[in-house]
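**Q** If you want the building blocks of each chain, they are given just below.
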Amino acid sequence: MTTHSLIASRAGGLTNSRLTLMWLGFAAVLLFAPHVFTSSLAHSHLTQMGTGIVLALSYNILLGQSGMLSFGHAAFSGLGAFMSVHAMNLAGGGTFWLPLPLIPVVGALTGLAFAALIGYVITRISGVAFAMITLGIGQMTYASALMFPGFFGGEGGVSTNRVYGEPILGWTFGPQIQVYYLVAFWLFICVMATFYLTRTPFGRLLNGVRDNEERIPFIGFNPHKLRYMAIMTSGLFAGIGGSLMAINFEIATDEVLSLHESGAVLLFTFIGGTTSFFGPMLGAVIGVLLTKLLPDYTAGWQMYLGIVFILVVVYAPGGISSLLKPGMDMVRRTILHKRYALFFRLLLSVTALVVSAILLIELLYHRATGASDPLSLWGFSLDHQGFIAWVIAIALLLAGLLTIKASGRALVRQLAEDTAQLEGEAQ
Amino acid sequence: MEFFLISLLNSLSYGLLLFMLSSGLTLIFSMMGVLNFAHASFYMMGAYFAYTISGMAGYWAAFILAPLLVGIAGIVVERYGLRAVHKYGHVAELLYTFGLSYLILEGVQLIWGRSAVPYGIPEILQGPLFTLYTTTFPKYQAFMMLIAVLTLLALYLVLTRTRIGLIIQASLTHPEMVESLGHNVPRVFMLVFGGGCALAGLAGVIGGNSLVTEPGMAETLGTIIFVVVVAGGMGSLMGALLASLLIGIIQTFSIAIDVSALDLLSAAGVSISPHAFGHSVLAVSLSDVAPMLPYALLVLILIFRPRGLLGKREN
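Here the protein sequences line up with chains A and B, keeping their order. Sequence positions in the first sequence follow my numbering and run 1 to 427. Sequence positions in the second sequence follow my numbering and run 428 to 742.
Be a bit skeptical, because a hint or two may be false.
Unchecked claim - Covered, in the sense of this in silico footprint (three residues per stretch, anywhere, with C-beta under 8 Å from a C-beta of chain A), are these stretches of chain B:
| no. | segment |
| --- | --- |
| 1 | 511 to 519 |
| 2 | 647 to 658 |
| 3 | 673 to 686 |
| 4 | 709 to 720 |
If you're looking for bench data, these hints aren't it; they were derived computationally from the structure. The beta carbon of each residue, even a glycine, is placed where N, CA and C say it ideally should be.
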């Protein structure tokens, strides 16, 4: 993946005043989001997006910045969650004084300590072998959760109560909105910290380890030590993410250590995009939308998730965020050169593909439930036992598959010609 | 003695099953640099195909057809999927197979449901083969071992004694040279990928009814075979065999031994009160630790021998 240098160049191109404006805007979004989406369910989703973003950013320190693919990220965030739950219980019981807003510090220290403990050995290697070792570490932590019920609480996990101690400025952190603001506060700190990390010499050296490991020793640095530091930094932020998760759900079960959790972080970070700083944040938002909202509409949501992931891997290895700029550019140029017919043709192909895919998946899942009543979709009633619905779906799929390449090429070629012509006239 | 022999036989048959999976995985890895995350998913596909085919045409038809079908599925995946991502590097390929394992799991659940299917052992192979002291050894387990040894022997002969094996071996180390001699290296890759998947499928056919055929079977074995491949040394067939047998022995024996460090200490005359620091750690018995041991072995090997048991290179 050679497009990684994008991070450096783009971040470098930002002036300080624009950056300040960006941070103010981000803070405003965090501040006002719960007043735009006011339902309590929306607040819960926003909180989860916040923790998701922290986790995705911590993961991207490894994958995007240092080129280290990890399948064991849940070990850091999960242990952070467990330690936080225990800290909350102890602080609530009066063993020591620790107000809730400072609990993520416990998570951060846990993640950092675990990374420091195992990181030195596992960062000796890189590439695919590193991925497999992190898988082993993740599975080992997961397996040990059931071995030590005293700490991990066995099958039921360890639960806690986030409302303890004296209220701080009248805040008890019982209501979801107060938890949201606590998460938003830590999110802001983490986003800022990870963003400025990419601009430090250490951040740039990590890019170096990713892009050309052989050259790092020649400029006087040890790639192994750099990777070790990367995994410790990542573990620290992952621990904060796990802590916020524990505060939000008030429970930590062995599920937070599982391969599913590690896989989800990987999935969404990659779908969002590892080549830009903004990508993982987008990925976490998409992740919550896909995993929390989609199951309400369809039983096949995991199928959609898998398909989206594979499509991103094959067609947009820079993630969805890498498509935004070219996509906007294409729309802008279409409007500029008034090539609406060609654009409409491409849109038609894409729609055919998406609609047919949804039709087929929904029909398949409906058939699998063994129901005899027809499937209702978008106000239509589709009989999955007859032929017609299937024939329509497959015909649409074929039509989309056969035309999409030609439609896309025609539009791109035409726009390129138009641009060239425009430039010729200008000269 | 009885316990020891039976456990040894069990661990051998489990280890051989692991090797049927890891041999394909390690071959694919050493040729293409791709660690196929979906390898265990092909094993699961093999078991489910065999279940369906044996319901329609009997076990022996499934025994032949299911691995072939899985092999064809593998070829399709390589030709129309992996080859497209190849230009983005090995990490993208690994991610592709990771996504694929998701899709195969969903597909399996869609077609066969979320619970285990009753994929049984054929009648002729049911029952005990012999009795060792007081414990019986099932016929089917012997059959599994026989099939595993035969396939691995065949694999060895194909790789070392045939023309195609020669080309495969040459493509491992000198792909450009093989290409300039007029061989289609991408097609060799495709065939190896298909062959590795077929091997995993065959493991599914013989392992699915001996263990259990359910949607979770890929994940259960999937992570273990990665441990095998990494611990044995990436790309080393002999290393994979050694690691498979080692992990087979470790897992089988540790599950059967219900002894904790505390028991050993008390046998040695040291008593530790339940309130002492670290008591809960010492009280964990070996059988409880069993699921963790392969990973602990992996970490140990990586500390003391980073390239794996028989690996030639560090990475």
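**Q** Give a verdict on every hint.
**A** Hint check results:
Given as covered by chain A, the segment 511 to 519 of chain B passes the check, having 7 residues with a CB less than 8 Å from a CB of that chain where 3 are the minimum. For the segment 647 to 658 of chain B, the proposed coverage by chain A is satisfied: 5 residues have a C-beta within less than 8 Å of a C-beta in that chain, meeting the threshold of three. Check result for the segment 673 to 686 of chain B against chain A: violated, 0 residues qualifying (beta carbon to beta carbon below 8 Å, three or more required). Only residues whose C-beta sits within less than 8 Å of a C-beta in chain A count toward coverage, and the segment 709 to 720 of chain B has 5 of them, enough to reach three; the restraint holds.
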